[in-house]
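**Student:** Sequence:
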Amino acid sequence: MLKSALAVAAIAAVLVFGAFAIYAYRSPIAPLSAAAHPKFSPEVIEKGRILASAGYCATCHTEQGGKPYAGNYPLNTGFGTIYASNITPDPETGIGDWSPEAFRRAMHDGVSRDGSHLFPAFPFDHFTLMSDEDVDAIYAYLMSEVKPVKLATKSNTIPFPLNMRIWQAGWQLLFVDFGRFKPNPQKSEQWNRGAYLVEGITHCGACHTPRNILGAEKKSREFAGASIDEWIAPALTAANPSAVPWTASEFTRYLQTGAGVYHGIAAGPMAPVVHAGIGELPESDLVAIGTYLGDIVGAPDTNPADNPLVIASLKAGKPDPAYRKDLGERLYATACAACHYNSKEVMEGRPDLAINSATRLDKPDNLIHVILDGVSSDEGSKGIVMPAFRHALSNEQIAAIAAYLRDKRAELKPWSDLTERVASIRGEHAGK
2 MLKSALAVAA IAAVLVFGAF AIYAYRSPIA PLSAAAHPKF SPEVIEKGRI
52 LASAGYCATC HTEQGGKPYA GNYPLNTGFG TIYASNITPD PETGIGDWSP
102 EAFRRAMHDG VSRDGSHLFP AFPFDHFTLM SDEDVDAIYA YLMSEVKPVK
152 LATKSNTIPF PLNMRIWQAG WQLLFVDFGR FKPNPQKSEQ WNRGAYLVEG
202 ITHCGACHTP RNILGAEKKS REFAGASIDE WIAPALTAAN PSAVPWTASE
252 FTRYLQTGAG VYHGIAAGPM APVVHAGIGE LPESDLVAIG TYLGDIVGAP
302 DTNPADNPLV IASLKAGKPD PAYRKDLGER LYATACAACH YNSKEVMEGR
352 PDLAINSATR LDKPDNLIHV ILDGVSSDEG SKGIVMPAFR HALSNEQIAA
402 IAAYLRDKRA ELKPWSDLTE RVASIRGEHA GK
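Residues 2 to 433 in our numbering are what the sequence shown spells out, letter by letter.
Don't take every hint at face value.
[Said to hold, decoys possible] Pairs of lysine to any residue, SDA-like flavour, derived with a Cα cap of 20 Å:
{"no.": "1", "residue 1": "LYS183", "residue 2": "ARG194"}
{"no.": "2", "residue 1": "LYS40", "residue 2": "TYR84"}
{"no.": "3", "residue 1": "LYS219", "residue 2": "PHE123"}
{"no.": "4", "residue 1": "LYS409", "residue 2": "ASN308"}
{"no.": "5", "residue 1": "LYS364", "residue 2": "GLU397"}
{"no.": "6", "residue 1": "LYS219", "residue 2": "GLY280"}
{"no.": "7", "residue 1": "LYS151", "residue 2": "ALA59"}
{"no.": "8", "residue 1": "LYS68", "residue 2": "SER42"}
{"no.": "9", "residue 1": "LYS48", "residue 2": "PRO283"}
{"no.": "10", "residue 1": "LYS220", "residue 2": "LYS68"}
{"no.": "11", "residue 1": "LYS148", "residue 2": "ALA277"}
{"no.": "12", "residue 1": "LYS319", "residue 2": "CYS337"}
{"no.": "13", "residue 1": "LYS316", "residue 2": "TYR342"}
{"no.": "14", "residue 1": "LYS345", "residue 2": "PRO309"}
{"no.": "15", "residue 1": "LYS48", "residue 2": "TYR84"}
{"no.": "16", "residue 1": "LYS364", "residue 2": "GLY299"}
{"no.": "17", "residue 1": "LYS183", "residue 2": "SER132"}
{"no.": "18", "residue 1": "LYS151", "residue 2": "TYR84"}
{"no.": "19", "residue 1": "LYS220", "residue 2": "PHE123"}
{"no.": "20", "residue 1": "LYS316", "residue 2": "LYS409"}
{"no.": "21", "residue 1": "LYS383", "residue 2": "ALA272"}
{"no.": "22", "residue 1": "LYS409", "residue 2": "ASP379"}
{"no.": "23", "residue 1": "LYS364", "residue 2": "PRO246"}
{"no.": "24", "residue 1": "LYS148", "residue 2": "GLY67"}
{"no.": "25", "residue 1": "LYS383", "residue 2": "GLY280"}
{"no.": "26", "residue 1": "LYS220", "residue 2": "VAL177"}
{"no.": "27", "residue 1": "LYS148", "residue 2": "LYS220"}
{"no.": "28", "residue 1": "LYS220", "residue 2": "GLN191"}
{"no.": "29", "residue 1": "LYS414", "residue 2": "LEU310"}
{"no.": "30", "residue 1": "LYS316", "residue 2": "GLU346"}
{"no.": "31", "residue 1": "LYS409", "residue 2": "PRO242"}
{"no.": "32", "residue 1": "LYS40", "residue 2": "ASP98"}
{"no.": "33", "residue 1": "LYS155", "residue 2": "GLU93"}
{"no.": "34", "residue 1": "LYS188", "residue 2": "CYS337"}
{"no.": "35", "residue 1": "LYS319", "residue 2": "THR335"}
{"no.": "36", "residue 1": "LYS409", "residue 2": "GLY280"}
{"no.": "37", "residue 1": "LYS155", "residue 2": "GLY299"}
{"no.": "38", "residue 1": "LYS345", "residue 2": "ILE312"}
{"no.": "39", "residue 1": "LYS68", "residue 2": "LYS151"}
{"no.": "40", "residue 1": "LYS220", "residue 2": "ALA240"}
Rather than coming from a laboratory, the hints here were simulated on the basis of the structure.
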């Protein structure tokens, strides 16, 4: 009896796997010779360049010190390291023999030219919303303006059996809603343009939405904030802990300049997103993105200078003889206050750290990163830099400054184990 039951179970398993294999199969698309590549107008190529920037294609497909788009950028996941592929027009190691149809299938369906399923580290679950016209423009740019680089992509470290790409078809079935973007008729044209950009090419949710144990975005917590590359991508909702609520105009300003007067700066993983990515979009698109994100936050566009927390912070930040009474205050006064001093109003280029997003997050990671490594010329506001204190201050001293800002200035629940966290982040990024 037991043998019969096991035999039936085995047969059923074989049938189920066979049916799944049939479902998962995608046929290869024939390679395209260089001579057969279509020609594109300068306008289409330029549009593709802008969209490729807005999608951070070069950022994710270029390893440190490598040639643009040649791949091998490591994406560390909870399942192992995935190396971004070479998307230069090299026909052997890149996508030089891909047709527009093959490229479109990869972007929309997460399937390579050879029929293999792509790992969702490539955000096809967002790119599926893009129009054929926009996807074809990116293809035109890559094939026309990017120099081919012969460089094989490194092997991923995803363990067996998770490295079997056939399982990605099941992941897609569970977590991906394929199809082009559908405008909301109840919203304005500007709002819909912002939604199309945020949900599609800029794929903001890929970093700002927490993921489940299988690596899929939790749709029920869209834009609720998440950890990324040892940084915190803050919530883009009303749950954002900023003292001054984000608004449509504040979102647009941040994306235009890389900094907000009443919020944080574009540092760490966010810096290339702004300065080498979204910033390439025309102003009308940045306004549209601000409109969409501002609607998600739901805050009215009021004058932040009238916010009681801003007024209180300006008053508390005014230097006086008692300002240096403990280690954190003394260090802040000597190392930070000269630049972060505001009197009657918050001035651009002089962030008030009590209301800064990094001081008000549940974790101190972003604040620690900036104190350790400063703000370079390609982060934050153009022309404004902050020195790194990695080699000037000890872990205990940086922890004291962070504790002072969190406890005394922001008047929020203290962060725990600050010194240990500073040591951890310092060690993880010791090469800086």
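**Student:** Does each hint fit the structure? Answer for all of them.
**Tutor:** Each hint, compared with the structure:
Between LYS183 and ARG194 the CA atoms are separated by roughly 11 Å; this keeps the pair inside 20 Å, and the hint holds. The straight-line distance between the Cα atoms of LYS40 and TYR84 is roughly 31 Å, outside the 20 Å bound, and the hint therefore fails. For a cut-off of 20 Å, the pair hint linking LYS219 to PHE123 stands: about 17 Å separates their Cα positions. Between LYS409 and ASN308, the direct Cα distance comes to roughly 19 Å. Compliance with the 20 Å bound is thereby established for this hinted pair.
Note on LYS364 and GLU397: the hinted pairing holds, with a Cα-Cα distance of about 17 Å set against a maximum of 20 Å. Between LYS219 and GLY280, the direct Cα distance comes to roughly 27 Å. Violation of the 20 Å bound is thereby established for this hinted pair. For the suggested pair LYS151 and ALA59, the alpha carbons sit about 16 Å apart, so the restraint of at most 20 Å is met. Restraint check for LYS68 and SER42: not satisfied, since their Cα atoms lie roughly 25 Å apart, outside the 20 Å limit.
For the suggested pair LYS48 and PRO283, the alpha carbons sit about 11 Å apart, so the restraint of at most 20 Å is met. Between LYS220 and LYS68 the CA atoms are separated by roughly 35 Å; this puts the pair beyond 20 Å, and the hint is violated. Between LYS148 and ALA277 the alpha-carbon distance is near 18 Å, which keeps this suggested pair within the 20 Å criterion. Pair hint LYS319 plus CYS337 holds up; C-alpha atoms about 13 Å apart against a cutoff of 20 Å.
Note on LYS316 and TYR342: the hinted pairing holds, with a Cα-Cα distance of about 11 Å set against a maximum of 20 Å. At roughly 13 Å between alpha-carbon atoms, LYS345 and PRO309 fall within 20 Å of each other, so this suggested pair holds. The straight-line distance between the Cα atoms of LYS48 and TYR84 is roughly 27 Å, outside the 20 Å bound, and the hint therefore fails. Using a Cα cut-off of 20 Å, the hinted pair LYS364 and GLY299 is violated, with the two alpha carbons roughly 24 Å apart.
Between the alpha carbons of LYS183 and SER132 the distance comes to roughly 10 Å, so the proposed pair stays at or under 20 Å and holds. Pair hint LYS151 plus TYR84 holds up; C-alpha atoms about 16 Å apart against a cutoff of 20 Å. At most 20 Å may separate the alpha-carbon atoms for a hinted pair to count; LYS220 and PHE123 meet this at roughly 18 Å. Only pairs whose Cα atoms come within 20 Å are accepted, and LYS316 paired with LYS409 is accepted, the gap being roughly 13 Å.
Straight-line distance between C-alpha atoms of LYS383 and ALA272 comes to about 11 Å, which keeps the hinted pair within the 20 Å bound. About 31 Å separates the Cα atoms of LYS409 and ASP379, which puts this hinted pair outside 20 Å; it is violated. Restraint check for LYS364 and PRO246: the C-alpha separation of about 19 Å stays at or below 20 Å, so the hint holds. Of the supplied pair hints, the one linking LYS148 and GLY67 holds, its CA atoms being roughly 13 Å apart against a limit of 20 Å.
Between LYS383 and GLY280 the alpha-carbon distance is near 12 Å, which keeps this suggested pair within the 20 Å criterion. About 10 Å separates the Cα atoms of LYS220 and VAL177, which keeps this hinted pair within 20 Å; it holds. Distance check on the hinted pair: LYS148 and LYS220 sit about 38 Å apart at the alpha-carbon level, beyond 20 Å; violated. Under the criterion of a C-alpha separation no larger than 20 Å, the hint pairing LYS220 with GLN191 is inconsistent with the structure, at around 23 Å.
At most 20 Å may separate the alpha-carbon atoms for a hinted pair to count; LYS414 and LEU310 meet this at roughly 16 Å. In summary, the hint linking LYS316 to GLU346 is supported, as the alpha carbons are separated by about 10 Å, within the 20 Å threshold. Only pairs whose Cα atoms come within 20 Å are accepted, and LYS409 paired with PRO242 is accepted, the gap being roughly 17 Å. Restraint check for LYS40 and ASP98: satisfied, since their Cα atoms lie roughly 15 Å apart, inside the 20 Å limit.
Between LYS155 and GLU93, the direct Cα distance comes to roughly 14 Å. Compliance with the 20 Å bound is thereby established for this hinted pair. The suggested pairing of LYS188 with CYS337 is violated, with an alpha-carbon distance near 45 Å, which exceeds 20 Å. A threshold of 20 Å between alpha carbons decides the hint, and for LYS319 with THR335 the separation of about 14 Å falls inside it, so the pair holds. With a CA separation close to 36 Å, the supplied pair LYS409 and GLY280 exceeds the 20 Å bound.
Only pairs whose Cα atoms come within 20 Å are accepted, and LYS155 paired with GLY299 is rejected, the gap being roughly 44 Å. A C-alpha spacing of about 8 Å is found between LYS345 and ILE312, which places the hinted pair at or below 20 Å, so the restraint holds. Between LYS68 and LYS151, the direct Cα distance comes to roughly 10 Å. Compliance with the 20 Å bound is thereby established for this hinted pair. Proximity of LYS220 to ALA240 is assessed by CA-CA distance (about 16 Å); at most 20 Å being required, the pair is judged to hold.
Of the numbered hints listed earlier, those contradicted by the structure are 2, 6, 8, 10, 15, 16, 22, 27, 28, 34, 36, 37.
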